[in-house]
Amino acid sequence: MSINIEGTFVSQKINKIRWIPEEYVETKHFFTGSWDDDENSVKVWTFESVHDDENVENPRELSEYKVAGDVTEIKLTDKNKIAVSLSNGEVRLLEISAYERNSPLREIYTWSKLHHINSERCSCTALDTFEGDIVTVGEDEKVNILNGRRGDVTRSISDTDSCSIHSVCFLKLNEVITGNLRGHMKIWDIKRDSNKPVASFHFPGEEVAATCIVQHPTQPHIILAGSECGSLAVWDLRMNKFPTSQLSAHSSGVTEMQFHPENPNKLITCSLYGDVWDWNMESLTKKSGDSYVPLDDKATMNVTSLIPTLHKAVNSIHCSKGRVLCAADNEAIYLIKNLKY
Amino acid sequence: MGEVSANNFFESQTIIADHKDLIHDVAFDFYGERMATCSSDQYVKVWDADGQGGWRLTASWKAHHGSVWKVTWAHPEFGQVLATCSFDRTAAIWEEVGDITASGSEKGLRTWVKRSNLVDSRTSVTDVKFGPKHLGLLLVTCSADGIIRIYEAPDVMNLAQWTLQHEMPTKVSISCLSWNPSLSRVNSNPPMLAVGSDEPNLANANSQTDKNCNGKVFIYEHSESCRRWAKTECLASVVEPVNDLAFAPNLGRSFHLLAVATKDVRIIKMEPLPEPTSNSNGCGVRFRSEVLAAFDDHSSCVWRVSWNVTGTLLASSGDDCCVRLWKMQYLNQWRCCAVFKNESSGNESPARTRPRTTYTRLAAITNPTHMPHH
Amino acid sequence: MNSTRFSDANLNSHTIYNKKRVKQFNLPHKCFERNVACAWRRGNKFSIFPGSQTTNKTIENSDNKILDIRQEISLFTPILRKLVNEANGAFLSLQRASDMSKNSDNQVEYLKLSRQYRSIVRVCLENLQEATEKVSDGLERNSLQSFTTIFYSIECIWHLCEILYIDVIPGEIVLPYILEWVRFHFPCHEQTAASLLEACEKGSEDNPEYWNAVIGMVVQGRIDVARALLKLHSSSDSSEFKLLDNSMRAMPVYNVYGGISSGEFTISWKHWYAECRSKYTSGSLALQPQLELILRIMIGDYTAFETIRIKYTSWFDMLGGWILFTMPWAKRREMASAAAACAGLTPGEKTHLDIIIQALLEGDLHQVIHEMQQVSDNGWSATHLTDMLYHCGKLQILDKQIDVTAQIRDSLILEYGSLLMEHKSLWSAGLSYLAATPPEGLKRAELLLERIPIESEAKAMRILAEANKYGLPNVVQTVCGCMSTRRLKSGNSGAALTWGGRTRSTELCARAAEQALRRYCAGAPLPHAELLLTGSTVLLSKYCDFHNLYKNREFRKAAKLLVSLITSKLSPDFFWETLLLDTLPLLETETPVLSADDTYEIMLCLELHSCALTGKKADMLRFALARNLERTALLNLPDED
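Protein chains in written order, with the UniProt record's numbering: chain A, 1 to 341; chain B, 1 to 374; chain C, 1 to 641.
I should point out that these hints are in silico values taken from the structure, not numbers from a laboratory. It is possible that some hints are incorrect.
Think about it this way: if two alpha-carbon atoms lie no more than 30 Å apart in a straight line, the pair counts; the simulated DSSO-like pairs of lysine-lysine are [as the list claims (entries may be wrong)]: (1) A:28 to C:616; (2) B:171 to B:20; (3) B:129 to C:134; (4) C:134 to A:113; (5) C:279 to A:66; (6) C:82 to A:196; (7) A:321 to A:340; (8) C:459 to A:81; (9) B:133 to B:20; (10) C:394 to C:424.
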């Protein structure tokens, strides 16, 4: 079956879109988080077949949870809970009922004013989760570690007199990596009582913000970061400082990256330019750590475009098996079906 | 099939200003998210948009010892800065200071500090305007005795220090000022100011008119070579007292548009002429000006004119207590598109009890055309 | 009532403009009785306040109110927003298609996009209907219903416009398309006809709607259906019925691909017409008035159409029939007389839709556009339809002999784009409209884009990305400048430097660097050295280098750098104390690192800036300097590389 795309206009710019994992059946429920509007919300949706036609699925809204501020990140902490970060500096842990998907989201914890500059709230720009722990970063140059089980802030690191942090990723239980507005990547040991990073390196070339970071699912020493100008950098943490490769990829900012959960050689990225790409990363990750190969040409990477370029930014993607969700600034969400993986 | 045109409704929301006397000016900041008001009660108030369509009072202070005529915001690149001018013969610079007083900011109140008091005028200061941001932090004031003063803050981080750069006497009472906003550093046009005079036309006024021009609108331009401001033009087409004037933002046009509030609402087109070849001291004719529109709908004195951000809509108000909106059509034609007026039927709108009704639809008084019919 | 007319100078050549009056709105508070003034906010928002430029103590002033006013924009309701975004996609595709086809004819692509617009409206209508069924609130239902009315009209206008100007029609023979249009948008009697045919009972004339349905089918050109219905009449076997049926069956239908020329067709049609006419004049159907009426319709008898007019809501219902029975060979540019004839069936005032449809048929696109602008969709349809026609090359509008086509199209797009720019979320869609109409669009974009409130850095970066995309360096500068200042005012000089560096503004960087140094003097840590890789913050970056050297115990190098900083006289006044005191530990190292010459230089600076460093600290430094001079006077310190 060939790739099939269905779009639906939802009257909200969606900043984050996430499948709700299912154990035995094909995923059909998902979360969206909106941004840049007078009213923003986290919504739960389900796909429904129209006119008994198995092939046409339309999303239907199941519930809405209003929030004050833009949704900046949604990550699952377990299969029914999500951590949501907001541009007003808050983080919320929300739970969806496993059986009644359309019942309202239940608020478990709220960390309000987690990020602030002096007494003014500022944006919590990103978060990541690791076995119930949550790491959040913000414009206030702070890294906070939250305990999703107890609801407390276990650790707060301030990277003072630097600049705002825009991306974060857990490397292991006690280590996180952050990327800031100037493209500086820093690794923090969250168990150590120090405001100094254990390692730091940066995007080569021009000063650009690191907009997203992912860790390779099977080779945890490999880190990828996407930048504001569309480039992708790959670091081998065993020999950090200089990226093992840097690719000028998208023509404008990388908004999100995800390794396919079933195939670690498959990377999906999306960008401000309005494209969604499917990368074959085999050549990149198979390399042994000691050979630096500059990959300036994305053709060698075997990239395919998954959707015709949209006129507006694609903010978020999430894939589950052969189904990829995309959310864009044209206030539409797209379901890509029959992705080979 | 029913009617398809019920266009152009407006919604309004009432803010209780709570000034104890006449309000003289309302000014919005660059983003339209903050509003400053000033009044004869000598107070200045700052209101912040609450993000849900309403306004919240965040500061209110006694700013002067006389009526406060005008309030104006500096470009946000210079921080949160206001300038006011008053009957007390001073102009003042105010800056909002960070949340030093934590208790205050918790209550949602903010502190504004007087950074500087400009005391050069010996009469009431009638208008104050910050210059275009590419010129640095500039401020121009004018006063009833006809002196225009240009101040500069050489260090934009230090608002306590203002130097009086230029002083230009005009010999007539000056009521209003407008910077030409469209001149950027890239083109060679010099900084430009329009000033309007409200000097009454006396019967035997020939003595005071300067040479051959008895106009009420003057154009001043800064000459880079002489490092001074000089009057380069007097618009002969405006001879009645002027209460307000405003340059429209330039949208890449080859000419400037100036709106003037005088006996009528005027829109004047000023087209720069090629550099005069003969006259080296710049006294040649600089512009060809043309009155594009003169609307006497206010049928009396017009008090204020103001442009929207893109200069496509002009609002005017006058003695007839109407606010009129003028819209530019293609080919630079202007027409009135709405009139706002209190219909003295005493229909004070009932107090709203719903907490979040921010906007209610304004009732149309007349909507004579296009009544539906089948 | 009080209303305003234009002064003569602004009269448009079109007579219709003269009648237009200006709407007047009531300001709901007494405080506006004596004074009003107005101040603009962003977009179409402004405030009206009881402003005065004089102090007049006679008025009771304590009741001051400010009215915050904005235009009501129906397009911003969630249900219509889909329309905005989806149409934005179609609009951009159209611009792209037109760019690609600068040289070649691209009608097929345009037709596809026109259909896409229509399907967008159709989806919107379906959503509206669905929502209307669900909603319980009366007020909301009313507004949904009025949207439905509006978009039904738009769909109808667009469809006709597509037929007359966009579609590729073989031989330009427009009749089948007009009939299809009538059937689609004005499907009256269709259901009656269908149910009668389904029941298939003789004596169907007992149904009170029977004759309406038969005539309706005739007028819509569904002759076969009409004949089938007539067969259900109890006396369908009578000679009158047979007579009419013969005429109906014999009616020639033109088909471009039918193998006969239009001339041949015209001859056979005229022949048929003459036959029908003689049947009528002979009075052979006089005993069956309904059948006679049908025959009269078939011979294009105007009075017959007048008779049935009352049964239809509008004159367009009969347009197809009128063309069918009077001029079936008409080309699409020849619709004016038909339009006038049908419109003439309706005396009295015309609705917008009447005017627009008639103007479309008459080919007066200027009037169409003018009337479309009155439609309450905030310019959605006027803008997109005008743009469509413009790209198809079908628009040519003269105003006082000047071709203003491009101006009208641009001004509509500019208005619509500026309107969207006001919206918190739809600004990015608005921007793409403004970008499609340079140069004024980009100028407007610049003014509107830099004024979008920036609540977060993510938003700032999005605005920067858009500004870079469309080449608006002034916006980049303003956004970075405002962000830098904001960070500076909240005491974060590192972030202020970053934002200053983004726009390579020496001014902003210098401001931030100065604050960093001041804060350092007050005991705050220095910004991370990494911040200073770029920018013009020479002093600050060198000073940080000095610290790093000192930290790494490279005292000789550190000393050299510090002396160069001191002698370069780059330092602002407030920083002299720090610089001078930094020499102290270097003067007291075990092995001397500052040469006698260096020491002289420092001594000189100390005396030149005696106000920067006074009292005990100055004495201490003087003492240390003297001691170092003593131990290095005869020593030649080797130059380190």
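Structure-based check of each hint:
no. : hint           : result
1   : A:28 to C:616  : violated (76 Å)
2   : B:171 to B:20  : violated (34 Å)
3   : B:129 to C:134 : violated (54 Å)
4   : C:134 to A:113 : violated (39 Å)
5   : C:279 to A:66  : violated (74 Å)
6   : C:82 to A:196  : violated (48 Å)
7   : A:321 to A:340 : holds (8 Å)
8   : C:459 to A:81  : holds (27 Å)
9   : B:133 to B:20  : violated (34 Å)
10  : C:394 to C:424 : violated (35 Å)
Hints 1, 2, 3, 4, 5, 6, 9 and 10, counting from the list given before, are not met by this structure.
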